[in-house]
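**Student:** Below are the chains, spelled out letter by letter.
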Amino acid sequence: MDFATLIGLVGALMLIASAVILGVSPDVFLNPASLLIVVGGSLLVVLAKFSFPQFLDAFKVAARAFKFKLPETQASIEELVEIAQIARKEGVLGLEGRELSSPFLAQGIQMLVDGQTADTIKQLLNKERLMTLDHNRSGAKVFSALADVAPAMGMIGTLIGLVQMLSNMEDPKSIGPAMAVALLTTLYGAMIATMIASPIADKLSLRMTEEARMQSLYIDALVAIQEGTNPRIIEQMLSSYLPPKERAKNGEAEAAGG
Amino acid sequence: MDFATLIGLVGALMLIASAVILGVSPDVFLNPASLLIVVGGSLLVVLAKFSFPQFLDAFKVAARAFKFKLPETQASIEELVEIAQIARKEGVLGLEGRELSSPFLAQGIQMLVDGQTADTIKQLLNKERLMTLDHNRSGAKVFSALADVAPAMGMIGTLIGLVQMLSNMEDPKSIGPAMAVALLTTLYGAMIATMIASPIADKLSLRMTEEARMQSLYIDALVAIQEGTNPRIIEQMLSSYLPPKERAKNGEAEAAGG
Amino acid sequence: MDFATLIGLVGALMLIASAVILGVSPDVFLNPASLLIVVGGSLLVVLAKFSFPQFLDAFKVAARAFKFKLPETQASIEELVEIAQIARKEGVLGLEGRELSSPFLAQGIQMLVDGQTADTIKQLLNKERLMTLDHNRSGAKVFSALADVAPAMGMIGTLIGLVQMLSNMEDPKSIGPAMAVALLTTLYGAMIATMIASPIADKLSLRMTEEARMQSLYIDALVAIQEGTNPRIIEQMLSSYLPPKERAKNGEAEAAGG
Amino acid sequence: MDFATLIGLVGALMLIASAVILGVSPDVFLNPASLLIVVGGSLLVVLAKFSFPQFLDAFKVAARAFKFKLPETQASIEELVEIAQIARKEGVLGLEGRELSSPFLAQGIQMLVDGQTADTIKQLLNKERLMTLDHNRSGAKVFSALADVAPAMGMIGTLIGLVQMLSNMEDPKSIGPAMAVALLTTLYGAMIATMIASPIADKLSLRMTEEARMQSLYIDALVAIQEGTNPRIIEQMLSSYLPPKERAKNGEAEAAGG
Amino acid sequence: MDFATLIGLVGALMLIASAVILGVSPDVFLNPASLLIVVGGSLLVVLAKFSFPQFLDAFKVAARAFKFKLPETQASIEELVEIAQIARKEGVLGLEGRELSSPFLAQGIQMLVDGQTADTIKQLLNKERLMTLDHNRSGAKVFSALADVAPAMGMIGTLIGLVQMLSNMEDPKSIGPAMAVALLTTLYGAMIATMIASPIADKLSLRMTEEARMQSLYIDALVAIQEGTNPRIIEQMLSSYLPPKERAKNGEAEAAGG
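Protein chains in written order, with our numbering: chain H, 1 to 258; chain E, 259 to 516; chain L, 517 to 774; chain G, 775 to 1032; chain C, 1033 to 1290.
One should not assume that every hint holds.
[To be verified] Which chain H residues stay away from chain E? Per the calculated CB distances, all over 12 Å, these:
#, residue
1, Lys-67
2, Ala-178
3, Ser-216
4, Asn-230
[Stated by the list, open to error] Distance condition first, Cα-Cα at most 20 Å in a straight line; then the derived EDC-like pairs of lysine to aspartate or glutamate:
#, chain 1, residue 1, chain 2, residue 2
5, H, Lys-127, E, Asp-260
6, C, Lys-1092, C, Glu-1202
7, G, Lys-896, G, Glu-1001
8, H, Lys-141, E, Glu-493
9, H, Lys-173, C, Glu-1259
10, G, Lys-843, G, Asp-776
11, G, Lys-901, C, Glu-1202
12, C, Lys-1159, H, Asp-220
13, C, Lys-1205, G, Asp-776
14, C, Lys-1159, C, Glu-1242
15, E, Lys-385, L, Glu-726
16, L, Lys-585, L, Glu-727
17, E, Lys-431, H, Glu-82
18, G, Lys-901, C, Glu-1242
19, L, Lys-643, G, Glu-984
20, E, Lys-399, H, Asp-171
Think of the hints as simulated: they come from the structure by calculation, not from any bench. Note that the structure is a prediction, hence the values are computed from the model and not measured. Positions of the beta carbon are idealized from the N, C-alpha and C atoms, including for glycine.
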């Protein structure tokens, strides 16, 4: 959830906000009671579908995804090749205290320094990787449940408003405004689902896949380093994680430098 | 279905109830005939999709999930490590009569005491685990069918009300209230599906997965105890069932105590 | 499709019927032309999706599922254990002429009496089992297609009625009744899908699974009998088909009797 | 797409047509502009989703399925047993020039006559079978895309009509007829999807499965003939392709004749 | 995305445009504010679901698919057979500098000339193939997300317009035009989804499959060439990629020329 998500979410919300503010009677659109029914009701129903830790965790996962960008594949490969070179020259102990771009990588390097076997490193880090995946997936599920529940709560709010309006139609002048208020909850529900919950759920799923892919790259590299593989061969091996274009550039740069 | 579900379901229903009660003409919203069509009709249609035992069982499964919370993974691991220590010092017979946090675990311990082989224990408990999973899944299916049927029954009720209203439009004043009543069944159907049946179905599915995971932890531990594995190694082995954070804490505590 | 389906279907239809009859202008709800469009049209479109034999067969499958209840698992196990005891004492020829609770079982016993090998029995009965499954599945598909088509035909009928009404609005008094009639087809379509076709399709799917499970129990037992397995061991083996509770009872009874 | 589809499609369309013609103002229902938007627009959008050959091919596949009925399983088995008897008595060369019920079978017999090995026949005909499957599936996909697109184009047409009507409401008398015309495109879209495109797509899928099953029967038989298997054994082997009932009849006839 | 897509997309849009222009008040249909909400809002929300590179890449992938047509299977086979003949006569070095119909093929030929083993060629090109597949799939996903988001944004715009209209109903004459404008966003959303985003997404998916199939043909051929297989056998082997009809023609031509 780097800049694309931030710009997309904020931009779309601002676009709708400006359409409302520049249009007639913008004050009609803010109705605390309607907002409470849709936002409060949806969150409570979603809470009922999960447990407290899972529910709260989803927001932490989303916030973390907002704040921390995944490192670039190219930069990570360069970092790993450098680590491999140091490990080759000075031994794995030379890696102690080195600052690293990712806590997952740091954990793996610590295992190297502690002298764990390649098999143990692979097994433990893979378990860690599956745990992160599971954690992120549960976060995506909460937002995806919110995207399902919000429009339904919006419709419930509108039905309540319509029933109230229809059973009190003595003053024909009040029908319009009453129906406007009734429609507000449907609008809120559609906006929460389409413009907030569903994009966050989709982005968390995407990031989940990318994080797992990056961690799989780290594991491949760490096992190769532990086995004392030549840094150049490690670089070649890892370049398969790059998209074709960058891979070509990488190859040329290598050829130029070789 | 611990507190999260209780608070979620009750909270959301209270929110809607207060919106109705504080709004105009709250008495319109309670219509026994409409309620009978949606609630009675939906339950009858769902009954038609299953057999009597499956239908009644679903409510028992939901009630059980409401009342009994699954033990915490951390507490279960500690309990199992303690059991492993006793089994090591006093033999499996020392476990007889011990109070246990789960009937499934008690059943496994009884097998240990009866001197069953690791293979038999694994096989029998795994069958038991699949049976529980099947039982819970059938409960979730009943609520999930209810979440499908209720809005459809609500729409049928509304269509009946609309046809009645449209064929008797002599008194224009009665149109509004008649339409309000017609919309009530749609409102009931949407509320049953969104705020009751669907959250319970989702929660039962989630709990089903967690219960199966917990039982798989018990089976792993019991087999290791039967084979006389060192309690410390059992603890390490089981810690893979913990989420990363708790696992770290566990490790530190262990290191501090070691 | 035992009593649960019968009570569910008839009960739900009677509930709706009483709401219509006790309400205003019940005679409006019966419109032969609308009924013909939805029922006739839906059946014709469903027919177009299948062949004649498949279409007609679906109703036979449903009727058979209505009339014949599957035997109870517990009773079937007892019957099979008794058969195993006879086969042990008197040889398989002692089974000739015995009355059996299911034609599938009778077919298997005949194979035993004919002296077929365990392998042949397994292979032939498994093929038979897959054929029954296929047959039932095709029946469920027809009703499931009907549940899809009926609401669409209802909407088509309503659109036709609306177009007719809108192009002839000279007499304002006729608008209400004309629209009531237009809505009838949507009501019929929703009722056929929600209260008839979809429950039957779901019930046939459920029964399909249960019938296949029961036939798999028969095959296991017949193979064990052909191989001369001890009836007590056959009983233990088959008890895995029982739900946990009944299994416990069975076990106790066995222990008490042992 | 034998008679069932023809009767189903034509019957349903005639039912709707008679409802329109016998109702008020039947002439309103035929609107060339609306028809052009829905039919033309839908076909163009579906064309955009495929390539020209795939698009045109779908109609050829549907027409072929309309015209040619698949041979009956029972008749095919009899034909194959006869072929096997000839091949046994006169050798495979005796099969040359024989008229056959299916081009696929003719291709296989030609391979037999050409003296291909069982392996080659199996491999080549299986590839042919997968190609036919692929071809038919692509035809079903085109009609299934049409069933998705037509209602959407109908809604687009209705929205255009509504916008036109709403922005020109000076003459209240014109509102009704204008809205009737606007609804026509939705009606056309629903009819094309429900009563034409979706049944054809479903029927092509069904026929696809049956054709693949029949070709698999031919391959089994041809391989057995090439290997010189006894015609009686071939008959027994192929009878597993028959539904249970016919199989029983076949068996009896066989027993009676044996 | 050859001519079929171009003609389909442009044709359908022109059909709708002419219906609008020839109808009443065509100028109502162009509303910049509504267009901004639906187009801008949808693109921003879709952007939020992906990252910048993925978002921009989708349009490049679509444009590339528009401009470059995949080579015909028949022509590719002929090209590959010719290459195989040259490689056989002059050795792989004779292929250097040859102009080729596809960059993917050129890359493979370069590997041949560089003297890579069949295994390496297969492995590297397969990775390349999976990368292209991944790249195209991500493009299809962006358009498919747009097809989901656009109707939802259209509905949000309409709800905003309806709330504005309902809260300002003093002048009854303004109701019609205000509602016409409110409906415009729904119309835009439906048109973007049905007539632009969804056909492009489906076409990219189709092309993706075809491109992967073509690359798999190239890989088969290159491996065979590297292994020095007879060009005639390569031709036979590759002809399995042709649809049945063309295969037959090919066979005849071959027979005639042989």
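**Student:** Checking against the hints above, which ones are violated?
**Tutor:** Of the numbered hints, 2, 5, 6, 8, 9, 11, 13, 17, 20 do not hold.
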